[in-house]
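For chain A, the structure is supplied; the task is to place chain B on it using the hints.
Protein chains in written order, with my numbering: chain A, 1 to 269; chain B, 1001 to 1292.
No lab work stands behind these hints, which were simulated from the structure alone. Idealized CB from N, CA, C, for every residue including glycine. Take the hints with a grain of salt, since some may be wrong.
Said to hold, decoys possible - Straight-line alpha carbon distances no greater than 20 Å define the calculated DMTMM-like cross-link-like pairs of lysine to aspartate or glutamate that follow:
#1 A/Lys125 / B/Glu1258
#2 A/Lys125 / A/Glu214
#3 A/Lys125 / B/Asp1041
#4 A/Lys125 / B/Glu1039
#5 B/Lys1065 / B/Asp1195
#6 B/Lys1065 / B/Glu1251
#7 A/Lys212 / A/Glu227
#8 B/Lys1225 / B/Glu1251
#9 A/Lys125 / B/Asp1192
What the hints assert, rightly or not - Far from chain B, some chain A residues (derived; all Cβ distances over 10 Å):
#10 Gly15
#11 Asn39
#12 Gln58
#13 Ala74
#14 Leu157
#15 Leu167
#16 Ala170
#17 Lys212
#18 Glu214
#19 Gln228
As the list claims (entries may be wrong) - Derived list of chain A stretches under chain B, where covered just means 3 residues or more per stretch with a C-beta under 8 Å from a C-beta of chain B:
#20 42–54
#21 78–92
#22 96–109
#23 134–142
#24 180–191
#25 241–255
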Amino acid sequence: MVAPRVALTLLLTLGAFLVLSPLLVVLCTSGWPPGTLPNQLLPPQGWTWQSYQAAWQQGHFILAFANSTFVALAVTALQLVTSALAGYALARLSFPGQQTILLLTLATLVIPFQLLVIPIFLILKAAHLINTYGALILPTAANGFGVFLMRQFFLTLPVALEEAALLDGANRWQVLWHILLPLSRPALVTLFIFTFIGEWNDLFKPLVFTTKPELITVQLSLANFQEQFTNDWPLMMAAAVIATLPVMIMFILGQRQLIRGIATTGLKS
Amino acid sequence: MKGRSLTPYLFLAPALGLLTLTVVWPALQAFFLSFTRYETDLLSPPVWVGWANFAQLWRDGVFWKTLGNTFLYLVVVVPILAIAPLLLAILVNQPLRGIQWFRAAYYSPVIISMVVAGIAWRWLYAPNGLFNQLVQGLHLRDTPIPWLTSPQLALFSVMAVTVWKGLGYYMVIYLAGLQGISGELYEAAALDGSDGWRQHWDITLPLMHPYILLVSILSAISATKVFEEVYVMTQGGPLNSSKTVVYYIYENAFQRLEINYACTMGLVLFLFILSLSLLNLKLGRQVEMPLS
Chain A
1 MVAPRVALTL LLTLGAFLVL SPLLVVLCTS GWPPGTLPNQ LLPPQGWTWQ
51 SYQAAWQQGH FILAFANSTF VALAVTALQL VTSALAGYAL ARLSFPGQQT
101 ILLLTLATLV IPFQLLVIPI FLILKAAHLI NTYGALILPT AANGFGVFLM
151 RQFFLTLPVA LEEAALLDGA NRWQVLWHIL LPLSRPALVT LFIFTFIGEW
201 NDLFKPLVFT TKPELITVQL SLANFQEQFT NDWPLMMAAA VIATLPVMIM
251 FILGQRQLIR GIATTGLKS
Chain B
1001 MKGRSLTPYL FLAPALGLLT LTVVWPALQA FFLSFTRYET DLLSPPVWVG
1051 WANFAQLWRD GVFWKTLGNT FLYLVVVVPI LAIAPLLLAI LVNQPLRGIQ
1101 WFRAAYYSPV IISMVVAGIA WRWLYAPNGL FNQLVQGLHL RDTPIPWLTS
1151 PQLALFSVMA VTVWKGLGYY MVIYLAGLQG ISGELYEAAA LDGSDGWRQH
1201 WDITLPLMHP YILLVSILSA ISATKVFEEV YVMTQGGPLN SSKTVVYYIY
1251 ENAFQRLEIN YACTMGLVLF LFILSLSLLN LKLGRQVEMP LS
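Chain A extracted, bound-state conformation (with noise of 0.2 Å):
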């Protein structure tokens, strides 16, 4: 049985290597000096943070930072109420229209942000939020996933714990507060990775619908940064780094939760 395995290890490290090539190319590329044209194919001559330090000023990324933070903890923050409000009484209440509303929350998925995209334009044009936090943080402040996640998870916890606080006296409110949201952190914690990491990396909400410096976004500032350094590699793949560094590390600390949601809050009823 050893050989089969070593050989396993191998092939899992080689496909790991080619998958990871790309970041380590950008990594290396990163030490070297702004201006400089390095060889992907050699290891980095020494290391100079002389990028990262020119990058971090040009890419105006304290603001960038700022902003993004602020944008995805606001949308990450109104989804997970929203979505455990909705996923409680879609799993737990019996009301007229259950199904209806399942099934319709289900169908705004399949609508491309695309499309809906101009129209929510102009609303917020209308609403006069065009350049504003608000069209950062309201068109996706809501997601159907999120819902469903959360009513796939409730659907999994014994109804027992609720009966008796129930008969306790607690209202619905206070059950969800106090019973399941406490044992609902793997499924909130899916959810707020995956949204965070989602609003972080979008590129689409800032481009369309702000112009203004001032809400300049993490994503946005890079796609500035490359089309105004084009050539001047080892700088922006600096910027690159900084920017993918947030996600990474919050990917690092919870990727063994974020796999295991992917794989059964996400499929499996």
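Coordinates of chain B only, in the frame set by chain A:
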């Protein structure tokens, strides 16, 4: 008990209110906008023009070109993303110490933003980049290959990024399916003399059929929405050769301000995606789907 009967709707109100404002109403609005035209500015109400936008679309050579590109995207990317992640999933489903780190490694491109991925791959495709150095190092060619600047290659070069970023995502979906297969089946097969990759052919493939279908449809739907790769890497060029439908929608709506025309395109694209989703429902009853 009147208050009690309102409770479910109070719980639903925030989510449904926001979804109505950000999905349902815009979707209806998009339908309406496709049959109208803004004459002067976006503040005065649009004029009804019937099927004029659709007629314009029918005659628009660039639209057909982008539709062809999106279709080519589907045909190339979907089979790769239906098969390769399954092989990866089988590999990372083996009981091995530290296997979760391999899973994380294969998954990591998924969490990287498309802008970062686009920038990274532009560097790999550069005249002195990794791919050209390999090609020249192996003496396959003397001059660098114009990966992103040749009309014949650009679209395929962009596809590679989509595939790279998609592998890990679909691998995890397959992994969920594989973990649902009972180990006893493999033991029984081993007794019958089926082992190694034979086992996967005999057991895994038939049982994973619903998941293969699911991944095909999911990757097909996302292949019809390709935008950011193109925006970052080629801007649709050279000569529209890598322009996708969604990129053309963006161009029309936000660069040429042809809002209504862009909506019409969006509607046609939506009908296309809807037919894929219906196909999904019709063929894939066996598995609970997240997106349908």
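Status of the hints after comparison with the structure:
A threshold of 20 Å between alpha carbons decides the hint, and for A/Lys125 with B/Glu1258 the separation of about 16 Å falls inside it, so the pair holds. Proposed proximity of A/Lys125 and A/Glu214 is supported: the alpha carbons are some 18 Å apart, at most 20 Å. About 12 Å separates the Cα atoms of A/Lys125 and B/Asp1041, which keeps this hinted pair within 20 Å; it holds. Restraint check for A/Lys125 and B/Glu1039: satisfied, since their Cα atoms lie roughly 17 Å apart, inside the 20 Å limit.
For the proposed pair B/Lys1065 and B/Asp1195, the alpha carbon gap of about 48 Å is over 20 Å, so the pair is violated. Under the criterion of a C-alpha separation no larger than 20 Å, the hint pairing B/Lys1065 with B/Glu1251 is consistent with the structure, at around 14 Å. Taking the CA atoms of A/Lys212 and A/Glu227, the gap is near 18 Å; set against the 20 Å cutoff, the hint holds. For the hint linking B/Lys1225 to B/Glu1251, the alpha-carbon distance of about 14 Å falls within 20 Å, and the restraint holds.
With a C-alpha separation of about 68 Å, the suggested pairing of A/Lys125 with B/Asp1192 is violated against the 20 Å cut-off. Chain B draws A/Gly15 into its interface by the beta-carbon criterion, the shortest separation being 7 Å against a cut-off of 10 Å. Consistency note on A/Asn39: stated as away from chain B, yet its beta-carbon is not over 10 Å from all of that chain's, at 7 Å minimum. Residue-level check passed: A/Gln58 sits 15 Å from the nearest beta carbon of chain B, beyond 10 Å.
Every CB of chain B is more than 10 Å from the CB of A/Ala74 (nearest about 13 Å), matching its label as outside the interface. No Cβ of chain B comes within 10 Å of the Cβ of A/Leu157; the nearest lies about 16 Å off, and the non-interface call holds. Consistency note on A/Leu167: stated as away from chain B, and its beta-carbon is indeed over 10 Å from all of that chain's, at 15 Å minimum. The claim that A/Ala170 lies off the interface holds: its Cβ sits roughly 13 Å from the closest Cβ of chain B, which is beyond the 10 Å cut-off.
Non-interface call for A/Lys212 relative to chain B: holds, since the shortest CB-CB distance, roughly 16 Å, exceeds 10 Å. The beta carbon of A/Glu214 is kept farther than 10 Å from every beta carbon of chain B, the shortest such distance being approximately 20 Å. In this structure A/Gln228 is separated from chain B by more than 10 Å, as the shortest Cβ-Cβ distance comes to about 12 Å. A count of 0 residues in the segment 42–54 of chain A with a Cβ less than 8 Å from any Cβ of chain B is obtained; the coverage claim is therefore unmet, three being the minimum.
Counting residues of the segment 78–92 of chain A whose CB lies closer than 8 Å to any CB of chain B gives 9, which reaches the minimum of 3, so the coverage claim holds. Here the segment 96–109 of chain A counts 7 residues with a CB under 8 Å from a CB of chain B, which clears the bar of 3, and the coverage holds. Counting residues of the segment 134–142 of chain A whose CB lies closer than 8 Å to any CB of chain B gives 5, so the stated coverage by that chain holds, three being the minimum. Residues of the segment 180–191 of chain A with a Cβ under 8 Å from some Cβ of chain B number 0, which does not satisfy the need for three, so the listed coverage is violated.
Using a Cβ-Cβ cut-off of 8 Å, 7 residues of the segment 241–255 of chain A lie near chain B, which meets the minimum of three, so the contact claim holds.
Of the numbered hints listed earlier, those contradicted by the structure are 5, 9, 10, 11, 20 and 24.
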